[in-house]
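Could you slot chain B onto chain A? The hints should help.
From first to last, the protein sequence lines are chains A and B.
Position one of the first sequence corresponds to residue 1 (this note's numbering), numbered consecutively onward.
Position one of the second sequence corresponds to residue 247 (this note's numbering), numbered consecutively onward.
Just so you know, the hints here were simulated from the structure itself, not pulled from any lab data.
Don't take each hint at face value.
Stated by the list, open to error - Some, not all, of what chain B presents toward chain A, calculated at C-beta under 7 angstroms:
id, residue
1, Lys290
2, Val294
3, Arg345
4, Arg356
5, Ser455
6, Asn771
7, Gly773
As the list claims (entries may be wrong) - Per the computed footprint, the stretches of chain B lying under chain A, defined by three or more beta-carbons under 8 angstroms from a beta-carbon of chain A, are:
id, segment
8, 486-500
9, 760-769
What the hints assert, rightly or not - Calculated lysine to aspartate or glutamate pairs in the DMTMM-like style (CA-CA distance at most 25 angstroms, straight line):
id, chain 1, residue 1, chain 2, residue 2
10, B, Lys431, B, Asp696
11, B, Lys596, A, Glu140
12, A, Lys111, B, Asp613
13, A, Lys111, B, Asp714
14, B, Lys607, A, Glu194
15, B, Lys798, B, Glu742
16, B, Lys730, B, Glu757
17, A, Lys205, A, Glu88
18, B, Lys853, B, Asp828
19, B, Lys596, A, Asp219
20, A, Lys114, B, Asp696
21, A, Lys37, B, Glu815
22, B, Lys598, B, Asp613
Cβ atoms here follow ideal geometry from the backbone N, Cα and C, with glycine treated the same way.
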Amino acid sequence: MPTATFRIWRGKAGSGSFQDYDCEISEGMVVLDAVHKIQAEQANDLAVRWNCKAGKCGSCSAEINGSPRLMCMARLSQVPLDKPVTIEPMQTFPLVKDLVCDVSWNFEVKKQLKPFAPRPPDAEDGSWRVLQRDVDRVQEFRKCIECFLCQDVCHVLREHHFHDRFIGPRFLVHAAALEMHPLDSEDRVGQLRETDGIGYCNITKCCTNVCPEHITITDNAIIPLKERVVDEFYDPLRKIFRVFQK
Amino acid sequence: MIEHQPIQYDVLVIGAGGAGLRAAIEARAMGASVGLVCKSLLGKAHTVMAEGGVAAALSNVDDRDNWEVHFADTMRGGQYLNNCRMAELHAKEAPARVRELEAWGAVFDRSPDGRILQRNFGGHAYPRLAHVGDRTGLEMIRTLQDYAVHQEIDVHMECAVIELLTDGERVVGAFAFDRDRGTFKVFRTKAVVLATGGIGKAYRVTSNSWEYTGDGHALAYRAGAALIDMEFVQFHPTGMVWPPSVAGILVTEGVRGEGGVLRNSLGERFMFSDIPPAYRNQTADNEEEGWRYTQGDKDARRPPELLTRDHVARCIMREVKEGRGSPHGGVFLDIAWIKERLPAAAEHIKRKLPSMYHQFKELADIDITEEPMEVGPTTHYVMGGVRVDADSQMTNVPGLFAAGECAAGLHGANRLGGNSLSDLLVFGKRAGEYAARFAQENSAGEIPGDHTALVARTALEPFDRGVDTDSAENPFEIQQDLQKMMQDQVGIVRNEHDMQAAVEGIGRLRERAERAAVGGNREYNPGWHTALDLRNLLTYSEAIARSALARKESRGAHTRLDYPDKDEELGKLSVVIRKNPDGDLEVSWEPIPEIPEGLQRIIDARK
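So here's chain A without its partners, still in its complex pose (with noise of 0.2 angstroms):
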């Protein structure tokens, strides 16, 4: 059988290196394979996170040859093999160990969002009415599987770190969806503009380029959010209006 060679990072973030592995590979493997073999076969303490090993989970985020993927959807046959495959974990959080990195702050952000609030229901059996064709754009942010790779590859996240200021284009999603819901009667506009921080994206797509559900996340999600804001604070029209009703 061929064999490759993987270079990985090994240890903790100051004092680790890379590591190189070589490794057995077959037909249809992927970097998640290769990765899974070195740890029964010559390391059993790498740490790796992952479950489905179907893309349907997005534990198993990383970097492999510098761009962001998921390690179980990365087929080997579309990586160079002649030179050493390099995985490493996602930059922008603190690093655990290896290949599993601390991702807890993405869970913090969520709470702190304003939670869903619906509208009451049109039924007497507590059901509501609503058509495909309204549910369809919500759904497609629905489809996110937090893989957090979105996050990692932000540059306001990863080269600014303003991990306190800017929720990130994951949670940029999630409020879209929030807002989006048909059902929703929550306003979260003004916490988009000052405490989520939606003015720091400047709309690069450097998180749509990632994202393995493939969702339009810049161009259906944050903007039509930046809009909002837009609407609601710097109308001129508006603000006269507001003048008035004060």
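Below, chain B without anything else, positioned relative to chain A:
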């Protein structure tokens, strides 16, 4: 060694898939303080993998549906070994649980009149599965997760419970370790809900991830709870078979619900050749009628591809064994053919089955709108599990509750697709409610200090053994050997000789597991985690093998070559597994709960 004082909750929920989240939400709503422990990150549990839908007799698409029909379908699918009270509660309460999800933000696909759309699935008489394309599980877990994080529930992510603590009678807490830092945690709690899911990791070809190591089954067993029906392991008929690295990944039954057909290498729709008597009246006898059924014709009967999973899996095995399989040892599942019947079929397939399209395109270079898939059976679900009271979900150990896949009773000898997601909701809620009530009525017990010290010591032994010694065993190798053995000897088709060999093999693996050695330190060390998992894997694997040996008949998901027929007497009994006072695994029988007259009438009316 144990760094902190015990963490105290009224209710501790172990597992954060659908059942665990639903239980935690309910217990919290009842006023209990709730801790929720999960081995992965929140929202990654196996519920996320569920594709087809959640079964509930909402009767949005076909008004002939109601709880009685759902109940009768569930009992027939389970070959009447089900706990009928659970089947009744499940059928009655599922619709309210699904509507509740909508109130919490779930966005189901819609019917033309704006209600929740429902689709056909194997063994369900009418279109009954509320769904979101083929990613219903993701929608469900995300809805529950997003709701739960605003309910003041303490979530302990990447934390694994390795022992339940009892005072000899009731459960008083749990012993766990943090997977990332490797430190120990002790929980002191008035009630515990087990919601740990399944056992698929004991098999080589499986749709389950590393998490499914039967923790709840093994924890409950060691704490003195009874397990029932462990011989019934569901092999889903359609898993991917090629390429090898993706073998076992699930292909949703929804493909067949949308008109997908199974063919052998001769191009024959082989499912027409063997339709079980119990289903003959409800099954189409020609291709035309089957197609009309999948397109919503209420006068048509369902195609044989939508017979129960146990039967479809056996038929696929037969085709492969008799030389009519596909090149890589499966059969063909074809949805592309519907372009003969539907305009814009490719778009229709992508819209109805988006993740299947994506999965085959990216992992196998196959465009399912153009060519057939190759599929074969994959380990999917265990019907058996911890025996619980139907109404409260409490086990025979006071204060210990179980819900979802790790509990037994609802599904009998075979589970219908879609009944798992509804099971999680209905019995997750009940377990949470009754656990909170138990916590209100009982004070916290005392943590047995000697027991926690022993558990901590034992857990660290793999580090002390030294990886370089001659006797050292690699924990991953032991696990792989177990998987191979269970697959070959306690798999889809079973016999006495193989299973006896497996029981002996498990004994040898247990000896090897005692020599499992790991290097490195306690921080996020998968070698250590795997060494700790072996104990549970071996415990329930023995329970499966010994239960399967005891049941000398073929019924539902349990197929024996040496006893190919049903035995009427055994159809009234469940195999029970318990730990005897000497610490050994003991097998016994007990009668299944008697079916009251009212429920029996419902069953008979639909036989």
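Hints, verified against the model:
{"no.": "1", "hint": "Lys290", "in the structure": "holds, 5 angstroms"}
{"no.": "2", "hint": "Val294", "in the structure": "holds, 5 angstroms"}
{"no.": "3", "hint": "Arg345", "in the structure": "holds, 5 angstroms"}
{"no.": "4", "hint": "Arg356", "in the structure": "holds, 4 angstroms"}
{"no.": "5", "hint": "Ser455", "in the structure": "holds, 4 angstroms"}
{"no.": "6", "hint": "Asn771", "in the structure": "holds, 4 angstroms"}
{"no.": "7", "hint": "Gly773", "in the structure": "holds, 3 angstroms"}
{"no.": "8", "hint": "486-500", "in the structure": "holds (count 7)"}
{"no.": "9", "hint": "760-769", "in the structure": "holds (count 5)"}
{"no.": "10", "hint": "Lys431/B / Asp696/B", "in the structure": "holds, 15 angstroms"}
{"no.": "11", "hint": "Lys596/B / Glu140/A", "in the structure": "holds, 13 angstroms"}
{"no.": "12", "hint": "Lys111/A / Asp613/B", "in the structure": "violated, 40 angstroms"}
{"no.": "13", "hint": "Lys111/A / Asp714/B", "in the structure": "violated, 47 angstroms"}
{"no.": "14", "hint": "Lys607/B / Glu194/A", "in the structure": "violated, 42 angstroms"}
{"no.": "15", "hint": "Lys798/B / Glu742/B", "in the structure": "holds, 9 angstroms"}
{"no.": "16", "hint": "Lys730/B / Glu757/B", "in the structure": "holds, 17 angstroms"}
{"no.": "17", "hint": "Lys205/A / Glu88/A", "in the structure": "holds, 23 angstroms"}
{"no.": "18", "hint": "Lys853/B / Asp828/B", "in the structure": "violated, 45 angstroms"}
{"no.": "19", "hint": "Lys596/B / Asp219/A", "in the structure": "holds, 22 angstroms"}
{"no.": "20", "hint": "Lys114/A / Asp696/B", "in the structure": "violated, 46 angstroms"}
{"no.": "21", "hint": "Lys37/A / Glu815/B", "in the structure": "violated, 47 angstroms"}
{"no.": "22", "hint": "Lys598/B / Asp613/B", "in the structure": "holds, 15 angstroms"}
This entry does not satisfy hints 12, 13, 14, 18, 20, 21, going by the numbered hints stated previously.
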